[in-house]
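Novice: Sequence:
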Amino acid sequence: MLRVLGVAIASVAIVGGSCWAADMPPSSSNADWLTFGYDQQRSGWNQGEKTLTTQSVGRLKLLWSTQLDVQSLDVALSTLTSPVVVGGVSTSQGSKNLLFAVGINDTIYAIDADSGKVFWQKAFPNPGKPVRPANTNCSNTEQATPVIDKERAVIYFTVSDGKLRGLDLATGEERLAVAQFVAPFSRNWSLNLVNNVVYTAAGRGCGGDPEQKIESGAVSALDISDPLHPVLSRTYTGHGRPAGPWGRGGPVLGPKGVIVQTADGNHDPASGVFGNSVIEITPKAYGVIDSFTPSSWKNLNAKDLDLGSGSPVVFPIEGHSLVATSSKEGVVYVLDANNLGGGTPDHSKPLFQTPRLGNDQEHYYGRGVWGSLATYVDADNVRHLYVPMWGPPGSAVQFPLTNGAAPDGSIMAFKVSESGQGVMLVPEWESINMAVPDNIAVANGVVFAVQTGEQTVQHPDNPEGHGRAANGQAALTVDQLSKFRATPVTNMVLYALDAHTGKQLYSSGKLLANWVHFSQPAVALGRVFLVSHDAHVYAFGVPHR
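Numbering-wise (the working numbering), the sequence shown opens with residue 462 and increments by one.
Keep in mind the hints are simulated off the structure, nothing from the lab. Given the structure is predicted, the values throughout are model-derived calculations rather than measurements. Be careful, since some hints might not be right.
[What the hints assert, rightly or not] Restraint ranges, calculated between C-beta atoms of paired labels, are given here: (1) Pro730 to Glu779: 28 to 38 Å; (2) Gln859 to Asn760: 21 to 31 Å; (3) Met885 to Lys944: 39 to 49 Å; (4) Ala614 to Asp821: 43 to 53 Å.
All C-beta atoms in this analysis are idealised placements derived from N, C-alpha and C, irrespective of residue type, glycine included.
Please build the complete structure, drawing on both the sequences and the hints.
Specialist: This is the structure:
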């Protein structure tokens, strides 16, 4: 089912081949971190970073930390968006390296990446009132990571009013006519910029506007080719809350369009409902091109193990494109990006799938994959895939290299192999124990991972019942539950691991006292940048000798 906002559309051409370049590896000349996952394919691999290496990361130090004027809220688990970083911005004070993040106070911050000082900030107060009371699932605050267009020197971002804005990197001046992008107070995800079109995905039905009626799960696209007259289009993946797209990376560049994956919901493509699916949407979000739905989708629905918790990565191998993704289920699926469903009538055939790598218990919280996968090609042209796993490893997989028991979580590494037997993921190593690691970054043979330290139990009054109190007890109030969720189990830790062995090369230990939720380190310009729930921004680097 397709509903489009904006100009009328007479016809739609599916863009492929050389015009839609997802089959090409990302540029290796860019040392910046301009979008979530580094590039449009969300690889997590900064090919342009040359300073941080396996030899140097052992000397990482905290270079600076900055407290921003954002008041953290229990109900908003993400206080700041993941950072994006750009170097060599021409300003009135000379060339500057800048870091950007958006706070839940609807303020965007430009921070000097070398000193940690706020270079400029700009607030966009939202006068509207949410249609739903805030809770930890729908906090009515911003969480979507911005995207930077370095060529135009513009950063694109949303705040809680759901409008897309584009500001000059150096001054914060507006460079785009403000346009409604998603519903106010939406739970929308990281922005992507492809061919002068900005994309995002929103799910869970958190936002709402009775007049616009755009609260359903959808992929939205805003064509900014003419900054004075942006044009919006949108494809819905379901009706209302079920089957909405989510995942840290938002829309990911594929060979024919953008790829998202969806939450629990019915699977009825004829009615435009794509629950528990990986979906490819046309350029400019004019409709659905292809989809993959695992044969276990009914079990995923029944046990709330939806695909939305993961986030896909797209990468080339042997001349064609693959998609790798996972979910709370703990199974990694590898798909042909040009034929997601494998040619079967029900679109359910992956190229390869692992056994359950975690979550043998099939818990809907605190287990499985809750983040984006990352990939890397080493000097021997071997492709590796890295998976953040919450909870202990599953019983069905063995790794040649382990680094001790990992009851709380770990990074799992695989070699991507293609032979006469087809595509396979070959286990390589499992990292040390981490209290629920999130999204990964890779550079120069180093895997950067963050122990988030967050509380993952969602309903302590009835862990198996989604908040319906057990044994006749009263369910926790929203305030009580929010306070519980916002009390971490331990502190966040930055780790640097050898990409080939998982060996620990660096740990920040107890240095970082707070915690973080749904975030990713940005590895750029010889630094590692992090944010925390208490609105700190941190920069790690190797001091000059």
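Novice: It remains to establish, for every hint, whether it holds in the given structure.
Specialist: Do the hints match the structure? See the list:
Distance hint for proline 730 and glutamate 779: a CB-CB separation of about 30 Å, consistent with the stated range 28 to 38 Å. Separation of glutamine 859 from asparagine 760 is about 25 Å and conforms to the stated range, judged on CB atoms against 21 to 31 Å. The hinted window of 39 to 49 Å between methionine 885 and lysine 944 holds, with their beta carbons roughly 46 Å apart. Here the CB-CB span from alanine 614 to aspartate 821 is close to 50 Å, well matched to the stated 43 to 53 Å.
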